[in-house]
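A.B. asks: Each chain, letter by letter, is given below.
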Amino acid sequence: MSTTRKKVLWAFFLLVAFVQLFPLIWLLNFSIVDANAFFSSKILLWPEVPKWHNYVNAWVDGKFPKYFLNSLIVTGSTIVLTVVMSISLAYAFTRMHWKWRSFFYTVILLGIMIPIHATLLPNFAIFKALGLTDSYWGLILPYTAVSVPLSTFILTGFMRSIPSAMEESAVMDGASIYRIVFQIILPLTMPAVVTVAVTTFLTCWNEFIMAATFISKDSLKTLPFSVMNFAGLYSSDYGSQFAVMVLTSVPAIVIYAMFNEKITKGVTAGAVKG
Amino acid sequence: MHRVLRDKLAIAIFVLPGLAFFVLTFVAPILLSGYYSLTDTLGPGTDVKMIGLDNYLELFHDERFWLALRNALLLGAGFVILQHPVCIAFAVLLDRIGGKAEKWFRTIFFIPCVISVVVISRMWLSLLDPTFGMFNKVLAGIGLSSWQHVWLGDPKTALGSLLGILIWAGFGWGLLFYYAGVKGIPEELYEAARLDGATGLKLHLRITVPLLSPVISVQVTLAIITALKQMETVFLTTNGGPGDSTQFLAVYLYNQAFAASRYGYANAISILFIVVCLIATYLSNQFIRDKSTEY
Chain X
1 MSTTRKKVLW AFFLLVAFVQ LFPLIWLLNF SIVDANAFFS SKILLWPEVP KWHNYVNAWV
61 DGKFPKYFLN SLIVTGSTIV LTVVMSISLA YAFTRMHWKW RSFFYTVILL GIMIPIHATL
121 LPNFAIFKAL GLTDSYWGLI LPYTAVSVPL STFILTGFMR SIPSAMEESA VMDGASIYRI
181 VFQIILPLTM PAVVTVAVTT FLTCWNEFIM AATFISKDSL KTLPFSVMNF AGLYSSDYGS
241 QFAVMVLTSV PAIVIYAMFN EKITKGVTAG AVKG
Chain B
1 MHRVLRDKLA IAIFVLPGLA FFVLTFVAPI LLSGYYSLTD TLGPGTDVKM IGLDNYLELF
61 HDERFWLALR NALLLGAGFV ILQHPVCIAF AVLLDRIGGK AEKWFRTIFF IPCVISVVVI
121 SRMWLSLLDP TFGMFNKVLA GIGLSSWQHV WLGDPKTALG SLLGILIWAG FGWGLLFYYA
181 GVKGIPEELY EAARLDGATG LKLHLRITVP LLSPVISVQV TLAIITALKQ METVFLTTNG
241 GPGDSTQFLA VYLYNQAFAA SRYGYANAIS ILFIVVCLIA TYLSNQFIRD KSTEY
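Chains X and B are the protein sequences, given in the same order.
Heads up: the first sequence at position 222 corresponds to 222 in the working numbering, and the numbers run straight through without jumps.
Heads up: the second sequence at position 11 corresponds to 11 in the working numbering, and the numbers run straight through without jumps.
Just chain B, with the same shape it has in the complex (with noise of 0.2 Å):
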């Protein structure tokens, strides 16, 4: 339309520094990782010496690599079986209850999801702790102190646990989103419905279900992304152990860099990191659009 909207310079001053930073923080070190990828180098500022894919060729038979990404998958897959349909659920009981209740639950419920990362990990060990944590005086008080566990220290345990931990955390979350979708859904859809004879769990499965299957969708994604991402809560409570039963990748690359020193090695970690995270949110792109064409 205006001349003033097709301006050079000022469209330069809107976009540079962003893409500057961009650039900065993003384009710049994804380079520069896969230049250290292809060296033995122990850190920032020591002796370089390039190895070629030597490091990739080894990652491709580290076991912890694929363990970490497992993991990720079990958890990712935990978040969608576990929270996702309790969100669900939660977000079409709240709208129903209607009135201040909708107001003042769904602040409560959020809350966990304004806390520091480092509070919730520190405030999750102690409560899990063996010798004077709540959760294992809540069995012995309900009278399971057969239950009664260390629940971070055990191999079998330690993902499921991390599981609850980063289920309690991010819960408000996954209600308020499916929360806006169930608010999307126009009432008429159900009173439609309900002449037909739909009531309870077969009313929601048949209307709110398909139509929130594009937040579901979203949702989804959003899950293994975090799941793969995982980092600060797994870094701050088990770090990785015990063994390697709650590995996750970028765990083990912080840890590949900064405790084993082997920067190259950790670098080579990391662009197979971007690669794998690119690659979930491709696919489940892809399907998300296969999804949608069908409603």
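Looking at chain X on its own, in the form it has when it is part of the complex (with noise of 0.2 Å):
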């Protein structure tokens, strides 16, 4: 591609990337902002006194601290029972012999297309039976159950691509079958298991709706719930609203900024596999 083409490529993009961003940079823009100001006709302004104090109002009223720390337990602990369950589930399918296999892992993958508001309702119900609700394994199960499905897609493509040889020697030299998978093997998958808790972190950190209808205790709600308190609690206070939002989403951004390799890659063997 010629020089000029290139420049121009990159002005498309550029201002293609401004266009997009400029929602964001627009509400980066009026955190800081007094919220008097929200109703001047100027885009983005900077004010002469930026009210840092927005962040305070977030930070202390919007209990950002106490929420973050409940979508970490949650989050935390849906990726570790998900990556443990979704790679034993596709070394079950891809590497043992067992009668059931392929009708276990159609059911399974079923999942992915089940919509989770269509089984919202009765799994209220069960869950309140259960005693689950307003409790962190209220959030943690289902999280876990939705994320399974997907992981386990996404580990028996990765599992069927590498050799099985490294294990053979295993097996003859008189190794566990749990050592061989969980020293062998999720060694050996890590790029894929990577991917898999990546994505299960974006969905659930960000996930809103289970979290509203399982959980009603506000000591065990989790970052989005920040966001919807402090609309209604500070309700005129756009500025304030605004920089709940920017802390809310910091978390995800830092997350993506340091694995977006791996999402892409997770991505790509994904696309090629077909």
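Rather than coming from a laboratory, the hints here were simulated on the basis of the structure.
Be aware that one or more of the hints could be misleading.
[Said to hold, decoys possible] DSS-like cross-link-like pairs, simulated, lysine-lysine; straight-line CA separation at most 25 Å:
1. Lys183/B x Lys265/X
2. Lys183/B x Lys202/B
3. Lys137/B x Lys51/X
4. Lys217/X x Lys66/X
5. Lys183/B x Lys6/X
6. Lys265/X x Lys100/B
7. Lys7/X x Lys202/B
8. Lys262/X x Lys103/B
9. Lys103/B x Lys7/X
10. Lys183/B x Lys262/X
11. Lys42/X x Lys137/B
12. Lys6/X x Lys100/B
13. Lys66/X x Lys51/X
14. Lys128/X x Lys49/B
15. Lys229/B x Lys156/B
16. Lys6/X x Lys202/B
17. Lys7/X x Lys100/B
18. Lys103/B x Lys6/X
19. Lys100/B x Lys183/B
Please dock the two separately framed chains into a single complex, following the hints provided.
C.D. replies: Given below as structure tokens:
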């Protein structure tokens, strides 16, 4: 491609990126603006005195640390459970020999298609009967259940592509099946495991509707609720509301910045296999 | 091969926990939903009276149900017609630009995809706010004041505005999938086509689009499923309104269950919702299979 055309493409991409990110720039900008200034006709404005206090409101009254911790506990547990369960399932589906293998594989994959919103109402009744509503488990269990089908699909695809020579020699040496899976297979499938972990993180960290349905105790709510609660509490203070939104988005953007290559690699691997 | 790989106990330990989770969160709820859908219960723990298929009969005559389905199809069509061609074009251009820029722009375009749906919804509510929203200010700034509008508050523009929000939020995912597909096309094919005299748009219509067709089929299926499953963004912005202009199945069933206390009826919607999703998946799978044999 000629250099002029490349430059034109560069300029075009910069423009698109700017337009695409503009809503977020606007959000960031107005998160340090006093609520009264919202009604000026300017599109972006640099306040003479940036109102950093919006972030104090967000941190303290938005109860950011508490919701953050809840999100961390729920998301962290979900990732660990999802990875352990998906890798066990994927191993049983790809390497082990049993009668109902392909049947159960299909059944698990159905989980990708069934909308969680359709199972929300009865799940609420079941969780209530089991005493799981208003507990961390009330979120960890459904989040894991929703993450496992897709994760198993990704890991199964990846496992099929790695040769079984190493396991065979381990079997010869008399290693137990559990050692094979967690000491030999787990390190080999690490790239796919990271993809699974990151996608699970993004889904759970940002999940709203199950958390809204299964959790009513304020002390157990996750980060997206800090935005919701705050919107009620500071209904006319848009600046502080925007500050909460910015704070809530930062962890996910940081995680994404750290692992974005892995997401791309995971998607690429999946797409190539079709 | 080995005895170890036929170990029944190990297979059970590997498969049963996953299966138990699946039963707890998918099978049991669907069965329970099927049961509730035959009752007129107001909510879990209240009186249950069997009313047979009445809920389903009512549902077939419920205009809002069909409207919700129609909206999902319109949204799905919007994704396929507006979002996907743009994603494919950008995937091709991204592949061409190469070097550091390729990586940078890929990263930037994906950023909206990592932001919580709650933030996205509330942010767009503000952006499209008729009094202080940025969108109307920008329109005024470029001399299009007459276009200013209560975007989410007018039945005529609400669904379109939602489509815009969802396209903005989902652009990165679509781009990433098509980009991965473009990366899988061997360079030699382009060279061969260039020798035959194909260039520019013609080159891509002849080579890229046909070779991407497996990815396109999967993405179109996903787009339709996504449209059917649409819930959070709608729930947090318009909540189905104004009127029922942005009604969706998941929003409708949620509001029937928790706002209107028609739990039995809502469960009937749930069951039909699952059936619709499975039918859509099945149909598009058949379609993909037919298509993929051509290449």
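A.B. asks: Does each hint hold? Answer for all of them.
C.D. replies: Okay, the hints, checked on the actual structure:
1. Between Lys183/B and Lys265/X the alpha-carbon distance is near 11 Å, which keeps this suggested pair within the 25 Å criterion.
2. A hinted pair counts as satisfied when its Cα atoms are at most 25 Å apart, and Lys183/B with Lys202/B qualifies at roughly 19 Å.
3. About 22 Å separates the Cα atoms of Lys137/B and Lys51/X, which keeps this hinted pair within 25 Å; it holds.
4. Restraint check: the Cα-Cα separation between Lys217/X and Lys66/X comes to about 13 Å, which is no more than 25 Å; the hinted pair holds.
5. Between Lys183/B and Lys6/X, the direct Cα distance comes to roughly 19 Å. Compliance with the 25 Å bound is thereby established for this hinted pair.
6. Annotation: proposed proximity of Lys265/X to Lys100/B holds, straight-line Cα distance about 16 Å (limit 25 Å).
7. Straight-line distance between C-alpha atoms of Lys7/X and Lys202/B comes to about 22 Å, which keeps the hinted pair within the 25 Å bound.
8. Restraint check for Lys262/X and Lys103/B: satisfied, since their Cα atoms lie roughly 12 Å apart, inside the 25 Å limit.
9. Between Lys103/B and Lys7/X the CA atoms are separated by roughly 16 Å; this keeps the pair inside 25 Å, and the hint holds.
10. Distance restraint check for Lys183/B and Lys262/X: the Cα-Cα separation of roughly 16 Å lies within the 25 Å cut-off, and the hinted pair is therefore satisfied.
11. Of the pairs offered as hints, the one joining Lys42/X and Lys137/B holds, with about 7 Å between alpha carbons and a cut-off of 25 Å not exceeded.
12. As the CA atoms of Lys6/X and Lys100/B are separated by approximately 13 Å, the hinted pair is consistent with the 25 Å bound.
13. Of the pairs offered as hints, the one joining Lys66/X and Lys51/X holds, with about 24 Å between alpha carbons and a cut-off of 25 Å not exceeded.
14. Proposed proximity of Lys128/X and Lys49/B is supported: the alpha carbons are some 20 Å apart, at most 25 Å.
15. Note on Lys229/B and Lys156/B: the hinted pairing holds, with a Cα-Cα distance of about 22 Å set against a maximum of 25 Å.
16. Between Lys6/X and Lys202/B the CA atoms are separated by roughly 20 Å; this keeps the pair inside 25 Å, and the hint holds.
17. Distance check on the hinted pair: Lys7/X and Lys100/B sit about 14 Å apart at the alpha-carbon level, within 25 Å; holds.
18. A C-alpha spacing of about 15 Å is found between Lys103/B and Lys6/X, which places the hinted pair at or below 25 Å, so the restraint holds.
19. The hinted pair formed by Lys100/B and Lys183/B meets the criterion: a straight-line CA distance of about 16 Å does not exceed 25 Å.
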